[in-house]
Amino acid sequence: MVAPSSTQPSPADGLAAVAALRHLADRVEDDAVARAVADGWTWAQVAEALGVTKQAVHKKHAKRIGEEAG
Amino acid sequence: MFERFTRDARDVVTRAETEARRGGAATIDAEHLLLAVAAGGSSAAASLRDAGLDHDGLVAAFGDEEAASLSAVGVDASDWAAVPARPRRGHLRMGASAKLALERTLREAVAAKDRRIEARHVLLGVLAADVGRVPRALDQAGVDRDALRAAVR
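Taken in sequence, the protein lines are chains X and P.
The numbering of the first sequence is this note's numbering, which starts it at 872 and goes up by one.
The numbering of the second sequence is this note's numbering, which starts it at 184 and goes up by one.
Just so you know, the hints here were simulated from the structure itself, not pulled from any lab data.
Where hints are given, some of them may not hold.
To be verified - Facing chain P, according to a computed beta carbon distance under 10 Å, are these residues of chain X, among others:
1. P880
2. L886
3. A887
4. L892
5. V899
6. E919
7. L921
8. V923
9. A927
10. R935
11. I936
Unchecked claim - Computed far set for chain X versus chain P, every beta-carbon distance over 10 Å:
12. H894
13. A907
14. T924
Glycine residues also receive a C-beta, built at the ideal position from the N, C-alpha and C atoms.
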């Protein structure tokens, strides 16, 4: 995703875009992880799909999803 | 620090966590402090309403800012609107923007020589930011931030 230089965002817009993308990424991650687990994915599979460790994904999501499921 | 907060100011901080959680956020951010002020009954909330900024208006303004910022890099926010917010459980921590806002809140109270920290100072602390989501959303919504700060003071 490389912006052509003629339409490259200003630094301010670039930074704001990063902040907005991270916000969106968090929302998509929370939802996708919850749905993957509900579909029967293991934590190891979710972690590998995200490119992070199983410990990281478990720490971030397990408590919330456990409570949603239970 | 919170022991010097008035009841209204403490309510803002408490309500900010609710706002953050409802939005599915991982941390309490400056925008949640602003939404929390608007949702309350303090004179600071009245100042916001006088400037045409009620809670729902601010929610819309933040949504518009996010959409505009995403569109700058080719992401259409409406493509992702169906992804629901998943509220996190447990205590949410203050994020960087909220911590900055609260530092500035303290500075506002000190500058005004007020011994107690009111909701008004929290609002001024949030409005003191020149960069970030809050000033961008307010600028985009056509708010004169300097005039608003003067009115709140």
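Evaluated hints:
1. P880: Cβ of P880 (chain X) sits 4 Å from chain P, so the hint holds.
2. L886: holds, 8 Å
3. A887: holds, 4 Å
4. L892: This hint holds: L892 (chain X) lies near chain P, its Cβ roughly 7 Å from the closest one there, short of 10 Å.
5. V899: This interface hint holds because 6 Å falls under the 10 Å limit.
6. E919: violated, 21 Å
7. L921: violated, 15 Å
8. V923: violated, 15 Å
9. A927: violated, 14 Å
10. R935: With Cβ-Cβ at 5 Å, under 10 Å, it holds.
11. I936: Hint holds; I936 (chain X) Cβ to chain P Cβ min 9 Å, cut 10 Å.
12. H894: Check fails; 7 Å does not lie beyond 10 Å.
13. A907: holds, 13 Å
14. T924: Nearest chain P Cβ is 18 Å from T924 (chain X), so the label holds.
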